[in-house]
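Based on the hints, put chain B in the right spot on chain A.
So the sequences go chain by chain: A and B. Just so you know, we're using the working numbering here: the first sequence kicks off at 1 and counts up by one. Just so you know, we're using the working numbering here: the second sequence kicks off at 1 and counts up by one.
No lab work stands behind these hints, which were simulated from the structure alone. You can trust all of the hints, since none of them are fake.
No copy labels: a pair is met if it fits in one copy or bridges any two.
In silico lysine-lysine, DSSO-like type, Cα no more than 30 Å apart, as pairs: (1) K60 - K374; (2) K296 - K255; (3) K166 - K60; (4) K261 - K60; (5) K166 - K508; (6) K411 - K508; (7) K166 - K78; (8) K423 - K411; (9) K60 - K263.
2 protein chains.
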Amino acid sequence: MRKSAAHRFWFLLHHRHQYHHPSSFSSSSPLPHSRFLSSIPSLSSMDSSFPVTANNINPKVLKCEYAVRGEIVTLAQKLQEGLQANPSSHPFDEILYCNIGNPQSLGQQPITFFREVLALCDHPAILDRSETQGLFSTDSIERAWTIVDQIPGRATGAYSHSQGIKGLRDAIAAGIEARDGFPADPNDIFLTDGASPAVHMMMQLLIRSENDGILCPIPQYPLYSASIALHGGTLVPYYLDEATGWGLEISELKKQLEDAKSKGINVRALVVINPGNPTGQVLSEENQREIVKFCKLEGLVLLADEVYQENVYVPEKTFHSFKKISRSVGYGENDIALVSFQSVSKGYYGECGKRGGYMEVTGFSSEVREQIYKVASVNLCSNISGQILASLVMSPPKVGDESYELYMAEKEAILSSLTRRAKTLEEAFNKLEGVTCNKTEGAMYLFPRIRLPEKAIKAAEALNKAPDAFYCGRLLNATGVVVVPGSGFGQVPGTWHFRCTILPQEDKIPAIASRLTEFHEKFMDEFRD
Amino acid sequence: MRKSAAHRFWFLLHHRHQYHHPSSFSSSSPLPHSRFLSSIPSLSSMDSSFPVTANNINPKVLKCEYAVRGEIVTLAQKLQEGLQANPSSHPFDEILYCNIGNPQSLGQQPITFFREVLALCDHPAILDRSETQGLFSTDSIERAWTIVDQIPGRATGAYSHSQGIKGLRDAIAAGIEARDGFPADPNDIFLTDGASPAVHMMMQLLIRSENDGILCPIPQYPLYSASIALHGGTLVPYYLDEATGWGLEISELKKQLEDAKSKGINVRALVVINPGNPTGQVLSEENQREIVKFCKLEGLVLLADEVYQENVYVPEKTFHSFKKISRSVGYGENDIALVSFQSVSKGYYGECGKRGGYMEVTGFSSEVREQIYKVASVNLCSNISGQILASLVMSPPKVGDESYELYMAEKEAILSSLTRRAKTLEEAFNKLEGVTCNKTEGAMYLFPRIRLPEKAIKAAEALNKAPDAFYCGRLLNATGVVVVPGSGFGQVPGTWHFRCTILPQEDKIPAIASRLTEFHEKFMDEFRD
Chain A
1 MRKSAAHRFW
11 FLLHHRHQYH
21 HPSSFSSSSP
31 LPHSRFLSSI
41 PSLSSMDSSF
51 PVTANNINPK
61 VLKCEYAVRG
71 EIVTLAQKLQ
81 EGLQANPSSH
91 PFDEILYCNI
101 GNPQSLGQQP
111 ITFFREVLAL
121 CDHPAILDRS
131 ETQGLFSTDS
141 IERAWTIVDQ
151 IPGRATGAYS
161 HSQGIKGLRD
171 AIAAGIEARD
181 GFPADPNDIF
191 LTDGASPAVH
201 MMMQLLIRSE
211 NDGILCPIPQ
221 YPLYSASIAL
231 HGGTLVPYYL
241 DEATGWGLEI
251 SELKKQLEDA
261 KSKGINVRAL
271 VVINPGNPTG
281 QVLSEENQRE
291 IVKFCKLEGL
301 VLLADEVYQE
311 NVYVPEKTFH
321 SFKKISRSVG
331 YGENDIALVS
341 FQSVSKGYYG
351 ECGKRGGYME
361 VTGFSSEVRE
371 QIYKVASVNL
381 CSNISGQILA
391 SLVMSPPKVG
401 DESYELYMAE
411 KEAILSSLTR
421 RAKTLEEAFN
431 KLEGVTCNKT
441 EGAMYLFPRI
451 RLPEKAIKAA
461 EALNKAPDAF
471 YCGRLLNATG
481 VVVVPGSGFG
491 QVPGTWHFRC
501 TILPQEDKIP
511 AIASRLTEFH
521 EKFMDEFRD
Chain B
1 MRKSAAHRFW
11 FLLHHRHQYH
21 HPSSFSSSSP
31 LPHSRFLSSI
41 PSLSSMDSSF
51 PVTANNINPK
61 VLKCEYAVRG
71 EIVTLAQKLQ
81 EGLQANPSSH
91 PFDEILYCNI
101 GNPQSLGQQP
111 ITFFREVLAL
121 CDHPAILDRS
131 ETQGLFSTDS
141 IERAWTIVDQ
151 IPGRATGAYS
161 HSQGIKGLRD
171 AIAAGIEARD
181 GFPADPNDIF
191 LTDGASPAVH
201 MMMQLLIRSE
211 NDGILCPIPQ
221 YPLYSASIAL
231 HGGTLVPYYL
241 DEATGWGLEI
251 SELKKQLEDA
261 KSKGINVRAL
271 VVINPGNPTG
281 QVLSEENQRE
291 IVKFCKLEGL
301 VLLADEVYQE
311 NVYVPEKTFH
321 SFKKISRSVG
331 YGENDIALVS
341 FQSVSKGYYG
351 ECGKRGGYME
361 VTGFSSEVRE
371 QIYKVASVNL
381 CSNISGQILA
391 SLVMSPPKVG
401 DESYELYMAE
411 KEAILSSLTR
421 RAKTLEEAFN
431 KLEGVTCNKT
441 EGAMYLFPRI
451 RLPEKAIKAA
461 EALNKAPDAF
471 YCGRLLNATG
481 VVVVPGSGFG
491 QVPGTWHFRC
501 TILPQEDKIP
511 AIASRLTEFH
521 EKFMDEFRD
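The following block holds chain A by itself, in its conformation from the complex (with noise of 0.2 Å):
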């Protein structure tokens, strides 16, 4: 049955433009997760007129897809200015994003130290007048000098070299020997807008044509398989087994890996995202050092996105970085090639707006690095302020500092609440009926699986909608709860889940489980058989 399933998914990502063809579904098999395809027009010759149409753009684009910023989110944002033009044109007063890993949009409040060195860093005219002392802590003053004065000539609104001024890489690499016990060099860090640049950066570099394969965890977060549909390559799926916590099983990489070979795809990496999205799950130690022997083994290169290091919610799961298991097991550069992502969107610190983020390239030869290089460069570089917010989360303030105190506070007020919430969130699913929910031991979301009636599922087909969006869909309708349908991210077929952030305001929380829980059951009044 798995098998079939994963056949069936790596087939559909492959052949995408079947979909523009509905009517070749058959009804009764399991719907695929890209049955929620509206994003694709209809190629109608409404656009005849103009020379660009969606009959002679680049295909590639038109098989990407994006959920998170899909459907659901376009419906959001109408019922958003609904409200604003009558309150009370639906049942609930505002819409809540649990759609997105966007954690400063629902009130959590940016980490003060930060904010001041990028203030400071953004007007350093100011640095030494009188009354900036009043305004700001000394150590971020402290650090505003230390961070302008590593910028060649002081020019804080210049090019930068095209991995990131020299000194802020330098700081992120004593950040990383800090964190892993092991050496880490400053060039081999290229700073990025996010990680997102630099997953596509990767994907540019390894994917060639359709017969290069990247494994990916199924369910993923949708920027892999958006990435490798718009650099034409095939998405090679592995499943992650819910029934044990979302586990990664080496056997089933074995299989996948396998099963692409013997279809002439070239399998070139393995995507493994940790903590996971959208499920939450952290990686024992045991299994990473499973997952680096058989990237060794098998010659792939290990893409790393470890951009949720910091939100690791039980005390049973630590995070681990790819690069220490890769030392720790006696792995050095010739081994393993490993990309390590980093972002300043997530954490407890939350900066998506700022677009700053890291990979961290090793293993690769220096041709290869050059590439690389040559491709960063033709973007000239990064945005400074995410530069520097790059290189604070990973040299954030120490015992010591005037703001030490003040940070940590912050910190551990903002990881303590998503732990709170995580759990709330999930024992408010696991009660209900038809609903399961594995436990969110970090990131920032949760993945319950919900078993749909007959009914519904019927409902939804009548609507060419699959049965998770089509529940998404009501229950945003219903609640102003904005969720992602699990179709979006992948699953094994026949199987049903939403992806909902943690992210609401802790207040909130309590309302949002009730809501939850009176449109399910509801919905299952309504559907049940």
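Frame of chain A; chain B shown alone:
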């Protein structure tokens, strides 16, 4: 002559992989632009122990080149390190980076008002503190309040709408309307991390295969050739006429278009850079009218690089946007598909490191616009500081605002100084033996033509270098001045140029002119036939 030269350039861009075999070049033929190709690695077996090698990465990445940060900059960085280790190791005491339009790296100071607003938006907690009144101008505080209020939930650290914060797009649209005298729609604005990602997005949308062509000026800014290579399309060159001040002739556009069509190329778009990079020309209004009519007639998307719109230095020329020209000849949305690129990196602001910019997209069907939006949404949004800055440059302080006088003084000082620098360097170049240099009417560059003695060309060939790359390398080693060989931008084969920015601070210009003159005389003495 020109036709065959154009063919050669086009062919070579299209079949760049042949360049791995330098022996296939006849040394008697005019050396192609692409001889300057040291960044393509030799396909050695050196790195065979790595799973990813230069032999098995995406060949489009190998093909891509970006001379502005290429070999010459690598050499400059080495010399700089040498100077740091031993200040008397070279016959100059600093490296002057005239290779790149990066004003603040050469000492240009940021506009105070812009930085005040950015700092306040980075740390809005100080907006209502009394000390802030003493440090910041009244209108910067007001503007920051306005901007923070425009951000949903005042969440300055949240991902925004994927096109950018609506209130900022409103300000930009109002600025475009004030500039052009024609309506602009905030829904047509896509805020981006500088102009480069916007150019990539359009190339990604338009290019399906190597059979899709993009008309680009020669010489061109190598972002275009790099982006077309990365997306697997064909650059169809049209030559600017150096003899008429880098004139853009419609007859040349027609000829190249027909020629490309006859080879089975679907030409999809025309790139125009106005003011010109690297040429410094500013198009006349009449010429722009001809261009928009040509695009309408031929069904071409007009990709208008207008990032130098504030950089015009001669009284007889004025910047007109292509949107204004299109609307003034009566063309609406259904007549011409037009994308205008703008950036915060250029103009008098020169905020390269902030990575702000936008594209205004008009004349595309709603179906295609949805696809552009979808691709933007995969990367979530551009950085918020860059978004804010893009709104500020399109809506700077007005008469009566507290900052107005300082703002105008800073702006005028920068622009009038750039005017003087352009003139001084142009005059210096035109005095050199065998050198002619068109006037810099706009942008930030001079692109002098150098007539090199046969002996110098032979010496370059012996080193497997393009003659202009040979000249620029010698210039750098002798003077510390970094300029980019014309071969990085494209030029009529058999002609040689280099691009030199007008950005060194004004007090350094006389020394640069005299060092260039002294070097050039010695070089000509050494190689004169």
